[in-house]
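> Guided by the hints, dock chain W onto chain H, whose structure is given.
Protein sequences appear in the order of chains H and W.
For the record, in the first sequence the residue sitting at position 32 is 32 according to this note's numbering, with numbers rising by one throughout.
Each number in this note's numbering corresponds to the 1-based position in the second sequence with 420 added.
Hints may contain errors.
Going by beta-carbon spacing under 10 Å, a handful of chain W positions derived as facing chain H [said to hold, decoys possible]:
hint: 1; residue: F448
hint: 2; residue: L509
hint: 3; residue: A513
hint: 4; residue: R648
With a cut-off of at most 25 Å between alpha-carbon atoms, the simulated PhoX-like pairs for lysine-lysine come out as follows [as the list claims (entries may be wrong)]:
hint: 5; chain 1: W; residue 1: K521; chain 2: H; residue 2: K407
hint: 6; chain 1: H; residue 1: K31; chain 2: W; residue 2: K521
hint: 7; chain 1: W; residue 1: K525; chain 2: H; residue 2: K407
Honestly, the hints are just simulated from the structure, not real lab data.
Note that beta-carbon positions come from the ideal geometry of N, C-alpha and C, so glycine has one too.
Okay, here's what each chain looks like letter by letter:
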Amino acid sequence: MTDTRLTSANASTEVPLKRRLRRAERTRQVKALALVAPLLVFLLFTFAGPIAGMLWRAVDDREVRQVLPQTVAALANWDGKDLPDEKAYAALASDILAARAAGTVAIAAKRLNYALNGFRTILTSTARNLKAMPEPGTAKETLGKINPAWRERTTWTTIKNAGGPVTGFYLLAALDLTRNADGAIVAAPPDQAIYRDIFARTFLISLGVTALCLILGFPVAYLLATLPPGRSNLLMIFVLLPFWTSLLVRTCAWIVLLQSKGVVNDSLHWLGIIDEPLRLIYNRFGVCVAMTHVLLPFMILPLYSSMKAISPAYMRAAASLGAPPLTAFLRIYLPQTLPGVGAGSLLVFILALGYYITPALVGGAADQMISYFIALYTTETANWGLASALGAVLLLATVLLALVYGKLVQGQQVTGGMKN
Amino acid sequence: MSDNSLRAPSQRIAWTTTIVVSTLVFIFLIAPILAIMPLSFSSGSYLTYPLPGFSLRWYDDFINSPRWMNSLKNSMIIGVASTLLSMVLGTLAALGLAQWKSRFKPLVLAFVLSPVVVPGVITAVGLYFFFAPIGLTGSYLGLILAHTALATPFVVITVGATLQSFDTNLARAAASLGASPLQAFRRVILPLILPGLASGALFAFATSFDEVVIVLFMAGPEQRTLPREMFSGIRENISPTITAAAVILTTVSVILLATLEGLRRRNERLKGGSG
Numbered sequence: 001m002t003d004t005r006l007t008s009a010n011a012s013t014e015v016p017l018k019r020r021l022r023r024a025e026r027t028r029q030v031k032a033l034a035l036v037a038p039l040l041v042f043l044l045f046t047f048a049g050p051i052a053g054m055l056w057r058a059v060d061d062r063e064v065r066q067v068l069p070q071t072v073a074a075l076a077n078w079d080g081k082d083l084p085d086e087k088a089y090a091a092l093a094s095d096i097l098a099a100r101a102a103g104t105v106a107i108a109a110k111r112l113n114y115a116l117n118g119f120r121t122i123l124t125s126t127a128r129n130l131k132a133m134p135e136p137g138t139a140k141e142t143l144g145k146i147n148p149a150w151r152e153r154t155t156w157t158t159i160k161n162a163g164g165p166v167t168g169f170y171l172l173a174a175l176d177l178t179r180n181a182d183g184a185i186v187a188a189p190p191d192q193a194i195y196r197d198i199f200a201r202t203f204l205i206s207l208g209v210t211a212l213c214l215i216l217g218f219p220v221a222y223l224l225a226t227l228p229p230g231r232s233n234l235l236m237i238f239v240l241l242p243f244w245t246s247l248l249v250r251t252c253a254w255i256v257l258l259q260s261k262g263v264v265n266d267s268l269h270w271l272g273i274i275d276e277p278l279r280l281i282y283n284r285f286g287v288c289v290a291m292t293h294v295l296l297p298f299m300i301l302p303l304y305s306s307m308k309a310i311s312p313a314y315m316r317a318a319a320s321l322g323a324p325p326l327t328a329f330l331r332i333y334l335p336q337t338l339p340g341v342g343a344g345s346l347l348v349f350i351l352a353l354g355y356y357i358t359p360a361l362v363g364g365a366a367d368q369m370i371s372y373f374i375a376l377y378t379t380e381t382a383n384w385g386l387a388s389a390l391g392a393v394l395l396l397a398t399v400l401l402a403l404v405y406g407k408l409v410q411g412q413q414v415t416g417g418m419k420n
Numbered sequence: 421m422s423d424n425s426l427r428a429p430s431q432r433i434a435w436t437t438t439i440v441v442s443t444l445v446f447i448f449l450i451a452p453i454l455a456i457m458p459l460s461f462s463s464g465s466y467l468t469y470p471l472p473g474f475s476l477r478w479y480d481d482f483i484n485s486p487r488w489m490n491s492l493k494n495s496m497i498i499g500v501a502s503t504l505l506s507m508v509l510g511t512l513a514a515l516g517l518a519q520w521k522s523r524f525k526p527l528v529l530a531f532v533l534s535p536v537v538v539p540g541v542i543t544a545v546g547l548y549f550f551f552a553p554i555g556l557t558g559s560y561l562g563l564i565l566a567h568t569a570l571a572t573p574f575v576v577i578t579v580g581a582t583l584q585s586f587d588t589n590l591a592r593a594a595a596s597l598g599a600s601p602l603q604a605f606r607r608v609i610l611p612l613i614l615p616g617l618a619s620g621a622l623f624a625f626a627t628s629f630d631e632v633v634i635v636l637f638m639a640g641p642e643q644r645t646l647p648r649e650m651f652s653g654i655r656e657n658i659s660p661t662i663t664a665a666a667v668i669l670t671t672v673s674v675i676l677l678a679t680l681e682g683l684r685r686r687n688e689r690l691k692g693g694s695g
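Chain H extracted, bound-state conformation:
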């Protein structure tokens, strides 16, 4: 009897308590989210937004549409098989006259020239020589007389394809592809098909630097992980000091060391090993050496932390079971370092892919990586569509590799390779 009453009393108070707890937990969660919110909003404005904007620019194609609106509209229903009709010619003549008055011919000319080399001349010469609106019915003849290119189908398909508002043109160009007059995707002309080579070069340099970092970093990480803490902490300074030294200082140091009258060449000459100075910088060798120097700590630190976690008991057990040292190392120790090797290699590779400053300063023209071209097209030639498209490809590669990295270090410390 008493028991039942107690239970029922409990049951009646239990529900509100549960609800109260749940409510308290919910408030806590909302408060927690409110603490994170300022950073999320901030990053939306200073990071995610700008990058989304860049990705948008890779497909944005409104320049021709804005400068030649009537032409783009007139071409919308054109099948692209023969030359467009008189209406399209009249629209173009009217657009060109308006654009000349507004001073916007160059904007469309620049965009169309990306798609068809020489289009700049076609458009500017037409704008210069078209005195007035042609008589009705004579636009086709007039324009054809000013520049015979207007009698070619490709001239018109180029305008139609650049009519926007979105385009795959830049993304295709970033992969050395283009659309032909019939709209099929084909290989880009050889003088424009340079980006696959640049991506391959970027990939190869990154791979080489990663391999060098692994070869050089493994013994160091092993030494640091095996030595007693006092001594390894001291030696760690040799890794951390370069890590904390400015990238510019380290790049500058390599130029001083490797230039033709630099420390290395002078020493080799003094030792009588060489007569003529070796070319050690402004080439692939210089880029690889300087990048390996900059990225080596990013390899050593994750390797070190994975090796530190390996208990020496395993090796002793292997030895006591009769395994020769080499076998024990290869079969017991090495497999346990693999997560660290993977994390370090991926991290170095990801960072190397996006390198700009070091190759720009110590590389020659043939050693520039993809970031250099993104920067070049953004600030020098202002081909923002192509810069954004190349950026989109690089970003995609980076994000995919970062996801793999994330999976790899999930079990380990989240901050494995970061700056601590």
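Only chain W this time, still in chain H's reference frame:
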């Protein structure tokens, strides 16, 4: 190799090889940085050894050059401002993330940390397009905002790691003894996570102080920072003034590293003392 007695000769050879290779790698890592330091004290204008004589003329040159001094000032202004801003945003976010339980948490964390992984050029190009129409290129504010975005992940990581080892019962104890949340934070939580905050601040400052890609895209002639000035110096012609600038930058790095190491040791000592 203190506790492992070296049995086989092959093992001894392997160990010796490890030491030799490691020593060479240590030299590779440290020698370039050490090699340019003496050049900044050279009395000659060529960056070659042997030095013709000792002088401080390149430091004199640095101090008396409005360009270099302005760049040092800019680096300090942008570094300190973005450190303060990233400390506020990063610490709040780390406190929130420590309490937040959701299946979206890894996603949010990945987003918050992503500025570290995304190539600098991509962030710079995006910011260049985004900030130019609203007048934030060629301004201190634009650079401070951009550097804050890059530096905050390090604050979130460092402060987050400190909070993980923080005993939340202490905050509860403070609350049960009648402390208001703000009092509990100021008197109990803050002193305990202060070393973590300081490390975060150092990382944030170092990130901004070393950053050059975004500055290349966004800074006007008035906002050029020290690394930016070094970049154009290296491009144009390397005068020994650059090595003086390099020594100054390296000194800042060493101070940051030493402070961080001190904080780490203090933290370890405290942990050792309490356990």
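> State for each hint whether it applies.
Here is how each hint holds up against the structure:
1. F448: Constraint on F448 (chain W) satisfied, holds at 7 Å.
2. L509: holds (4 Å)
3. A513: holds (4 Å)
4. R648: Constraint on R648 (chain W) satisfied, holds at 9 Å.
5. W:K521 x H:K407: holds (20 Å)
6. H:K31 x W:K521: holds (12 Å)
7. W:K525 x H:K407: Given pair K525 (chain W), K407 (chain H) holds - Cα atoms ~15 Å apart, limit 25 Å.
This entry satisfies every hint, going by the numbered hints stated previously.
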